[in-house]
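Protein chains in written order, with my numbering: chain H, 1 to 374; chain A, 1 to 271; chain P, 1 to 348.
For the record, the hints were derived by calculation from the structure and aren't laboratory data.
Among the hints, a few may not be true.
Stated by the list, open to error - Here are the simulated DSBU-like cross-link-like pairs (lysine-lysine), alpha carbons at most 35 Å apart as the crow flies: (1) H/Lys181 <-> A/Lys72; (2) A/Lys254 <-> A/Lys237; (3) A/Lys254 <-> H/Lys181; (4) A/Lys68 <-> H/Lys181.
Claimed, not checked - Interface residues of chain A toward chain H, partial, derived using beta-carbon atoms under 7 Å: (5) Ser53; (6) Leu55; (7) Val90; (8) Ala124; (9) Gly134; (10) Ala136; (11) Leu185; (12) Ala217; (13) Arg220; (14) Ala223; (15) Gly241.
All C-beta atoms in this analysis are idealised placements derived from N, C-alpha and C, irrespective of residue type, glycine included.
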Amino acid sequence: MSTTRSTDGAPGSIAPVGETPETPPSILTKAPATTGEAVARGRRRRARRRLVVMLVLATLVVVVYLASLMIGKTFYPVSDVLRVVAGDDVAGASFTVGRLRLPRASLAVLAGLCFGLGGVTFQTMLRNPLASPDIIGISSGASAAAAFAIVTLSLGTRAVSIIAILAGLAVAILIYLLSYKGGVAGTRLILIGIGVAAMLDSLTAYVLSRAAEWDLQAAQRWLTGSLNGAGWAQAVPVLVALVVLTPVLLSQSRNLSVTQLGDDTASALGVRVDRTRLVVIVAAVGLIAFATAAAGPIAFVAFLSGPIAARLVGPGGSLLIPAGLVGALLVLVADLVGQYALGTRFPVGVVTGVLGAPYLVYLIVRTNRAGSSL
Amino acid sequence: MTTTHTLVAENLVLGYGDRTVIDGLDLLVPPGQVTAIVGANACGKSTLLRSMSRLLSPRGGQVLLDGKQVHKTPAKQLARTLGLLPQSPVAPEGITVADLVGRGRHPHQGMLSRWSAADDAAVAEALDATETAGLADRPVDELSGGQRQRVWIAMALAQQTDVLLLDEPTTFLDVSHQVEVLDLLTDLNHARGTTIVMVLHDLNLAARYADHLVALADGRVHAAGTPAEVLTESTVKTVFGLDNQVIVDPTSGKPLMLPIGRHHVTVTPRG
Amino acid sequence: MPSTPAGPTASGAAALRRPRRVRALWLLVVLAVLLLLVVASVMVGSRGVGWSDAVAALGGSTEGFDRAAVAKRIPRTLLAVVAGAALGVSGALMQGVTRNPLADPGILGINMGASLAVVTGLAYFGLTAASSYVWLAIGGAAVTAVFVYTVGSLGRGGATPLKLALAGAATSAALASFVSAVVLGRNDVAGGVRSWQIGGVGGGTYDSISQVAPFLVVGFVLALASARSLNSLALGDDLAAGLGERVAIARGVAALSAVVLCGAATAVTGPIGFVGLVVPHACRLLVGVDHRWLLPFSALVGAALLTGADVLGRIATRPSEVDVGIVTALVGAPFFIYIVRRQKVRAL
């Protein structure tokens with residue numbers, strides 16, 4: 001009769017039900033062992049690549065983090081830096097490294113993680129790498145609110161963070177509602193996001209121009225993002241946001257991957273698309289808003305982290321953690337470059353903007369050519 | 001291996017916005033058979049299919065799978081029994097065939113569960129069944145239309161459902177690929193007893209491949225039964241508004257519909 | 001009115017035509033509104049001014065604070081009128097050339113390209129005369145336009161509104177970073193980030209206006225010359241060629257004109273967005289899609305819009321003022337959103 005039929009009914013064999021070997025051949029015969037092996041091998045290979053990339057990225061982040069603690073007007077060797085981190089009091093280093101560089105570098109990593117995670121989530125959700133929260137107005141909303149809260153209302157950091165996240169969520173809801181016309185079309189949502197971003201950017205510029213004088217430093221932070229003057233007060237809320245929201249995102253990462261197949265297909269595979277979308281967007285907006293409230297809308301990090309991670313990791317797996325690590329790396333490197341590599345001190349947002357621009361162009365060209373834009 | 005499932009629509013009312021598309025439809029899907037749904041454009045075929053797979057909530061009536069309301073069943077649980085291949089599925093850029101087929105295992109995986117041997121086996125079976133094993137590592141966007149459609153069917157197969165709904169699986173394929181896909185689905189039905197419901201736009205292919213043919217018109221089932229019973233001149237005239245003649249297809253013994261237009265015909269339309 | 005080109009559909013031809021009387025009427029209305037706004041612009045501001053002082057100041061007298069204030073407002077008003085007209089026509093031309101309802105020098109990043117070129121010239125090449133950096137502005141605008149259009153047309157469907165807008169938004173953001181980078185390095189010379197990232201008419205002087213005037217004239221003349229071709233191009237390249245239009249030349253001339261107008265205006269005002277988007281849409285509602293009427297109307301309505309926006313910016317937050325670029329963004333963006341919502345998704 002039929003060949004291997006597991007007695008416990010486990011889906012291990014697909015021997016034709018009730019057919020004898022003499023019936024006309026159907027192409028549905030028992031799966032040769034080689035296909036299964038090939039599939040498993042391929043999957044393991046991709047998982048290995050992903051793991052390797054993540055480890056390399058994490059190592060790089062640590063290395064550049066330490067480097068940014070060591071490099072500066074005064075160079076401190078690794079031993080001193082590690083001692084300061086451990087809590088020892090080292091003459092000279094304790095202040096420069098402990099008070100100035102440590103919070104700055106830490107904020108760089110934290111903000112980079114937030115932007116990377118938030119950016120890739122939006123890009124996956126909207127199925128378009130060009131639909132990043134800094135293009136469709138989420139960052140603009142958070143930074144307009146933060147600028148307003150700080151410059152006009154003179155509020156403290158905690159209040160600013162809260163206002164920024166509320167503004168970010170409000171903008172996300174606004175864009176969603178505005179683009180809802182019997183359903184949400186991705187095209188319309190992205191375009192409306194661009195319009196809203198333009199409005200909010202001009203609001204930010206206005207708020208800044210109302211400041212006592214055109215304070216260049218404030219302008220830099222809220223228009224392009226800057227880590228100048230960063231302290232623990234800015235970094236801690238971002239850390240809290242990461243700790244709380246990252247698990248939320250990770251819990252949805254499988255569902256998120258499946259939604260890439262289109263709403264209908266995802267629903268057919270058992271994903272509650274609307275609920276997933278809501279949870280994931282709230283988490284992403286939260287991350288972006290907290291990071292923006294602390295460091296401003298650092299240009300292009302949210303935009304580029306996902307695509308760069310995708311190139312490194314290859315298609316098919318979840319990009320959340322790799323994108324976060326890429327974001328952290330981008331911000332760290334850009335801040336180092338902005339501070340010491342060029343003649344003048346440039347804020348991190350300008351560096352990411354300038355260095356990111358060519359890659360951005362390349363990305364648009366590639367996306368359009370591959371036809372995966374909406 | 002497959003258990004038979006009864007899929008029934010009772011007095012179904014479906015619509016979008018202020019438009020009612022399906023109005024009081026009753027349908028019994030014969031278990032273990034291939035059912036084809038045909039009808040004029042925008043008569044609600046896709047809408048009906050989407051409602052049967054829980055994508056669209058009914059305004060009235062219900063869809064029952066084994067006596068339980070489909071819309072009250074948790075999504076993942078339903079997805080283990082009933083699968084849908086929608087009209088225009090989207091493949092993420094650069095995804096390989098094996099990965100895409102692997103996504104079909106989603107309903108069987110919890111949030112924390114890792115890939116098991118059973119998952120791998122299901123994917124392998126699906127690839128072999130659709131003869132796409134050789135394409136396993138290639139990106140889906142490099143494949144031809146016919147190959148891509150087979151890969152999507154493989155994904156639906158990897159889901160290992162007993163009921164499979166397909167919304168226009170042959171629409172954008174050339175004729176050889178259309179036949180290829182329909183032969184594959186027939187194999188699946190014969191080998192595993194999977195209940196298949198597919199929306200087809202080609203009346204003659206539907207008549208040839210279906211065990212059970214359903215013609216929709218005016219938001220209801222106009223005729224349902226074997227192809228010979230349903231594909232009659234009067235039915236085609238009513239459902240499609242087309243003068244026609246129905247003969248017996250010499251290659252398959254099933255009914256064949258010949259359209260009669262205004263030119264190049266040697267017979268006068270009857271009736 | 002000369003007969004309109006034969007369109008492929010009756011509705012197309014009908015849409016092209018509006019009763020001559022209606023257009024003439026709207027012309028009068030728009031002119032009146034413009035005049036009113038010009039007067040308001042001269043009279044109103046952070047300080048109120050009396051009628052007699054205003055007239056005397058127009059005559060050239062600058063005695064006393066009031067007349068001096070008015071004397072400062074005249075070039076400002078003139079700049080608003082001229083730049084508004086240029087941006088309005090530029091937007092209409094861009095929408096015509098790209099057949100894209102969302103085309104606008106701001107959205108497509110062309111303004112930023114002009115700004116960047118000027119700022120670079122100021123900071124690194126020490127150019128100070130408005131006439132020299134107008135060339136830079138036009139060059140920057142041209143390069144950016146070509147770039148954004150090329151990038152936006154790659155792939156399926158050509159330059160769809162979405163792809164063009166995304167390419168423009170991304171390019172604009174990138175260029176804004178470059179502007180920041182340049183200006184931060186040479187803050188003293190470049191005159192500050194602010195004037196090159198937000199447009200305003202406050203810095204208008206007779207001198208700077210007269211230096212860009214020749215470019216504006218050239219731009220306007222080229223625009224009017226393109227009007228008839230744009231009507232044909234609206235039917236699609238293939239159909240236009242079938243009607244005997246030399247498509248490549250027509251598009252080139254129209255695009256050149258758009259770039260010249262946009263560059264010249266931006267050279268003096270800095271980047272002002274949304275005027276080129278809103279004005280043509282509004283004018284189409286008034287006078288239809290015949291470019292021979294649309295373009296002149298866009299000039300007038302654009303002038304009115306920018307002047308009005310400037311007046312609004314001056315009185316809304318007395319005694320301080322809001323730059324025109326911010327006002328147009330705050331008013332124009334909702335309009336942009338409205339346009340997007342109105343379009344069927346497939347048309348986008």
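Okay, the hints, checked on the actual structure:
no.	hint	result
1	H/Lys181 <-> A/Lys72	holds (27 Å)
2	A/Lys254 <-> A/Lys237	holds (19 Å)
3	A/Lys254 <-> H/Lys181	violated (46 Å)
4	A/Lys68 <-> H/Lys181	holds (33 Å)
5	Ser53	holds (6 Å)
6	Leu55	holds (5 Å)
7	Val90	holds (4 Å)
8	Ala124	holds (4 Å)
9	Gly134	violated (9 Å)
10	Ala136	holds (6 Å)
11	Leu185	violated (11 Å)
12	Ala217	violated (25 Å)
13	Arg220	violated (24 Å)
14	Ala223	violated (28 Å)
15	Gly241	violated (29 Å)
Of the hints listed earlier, those the structure fails to meet are numbers 3, 9, 11, 12, 13, 14, 15, in rising order.
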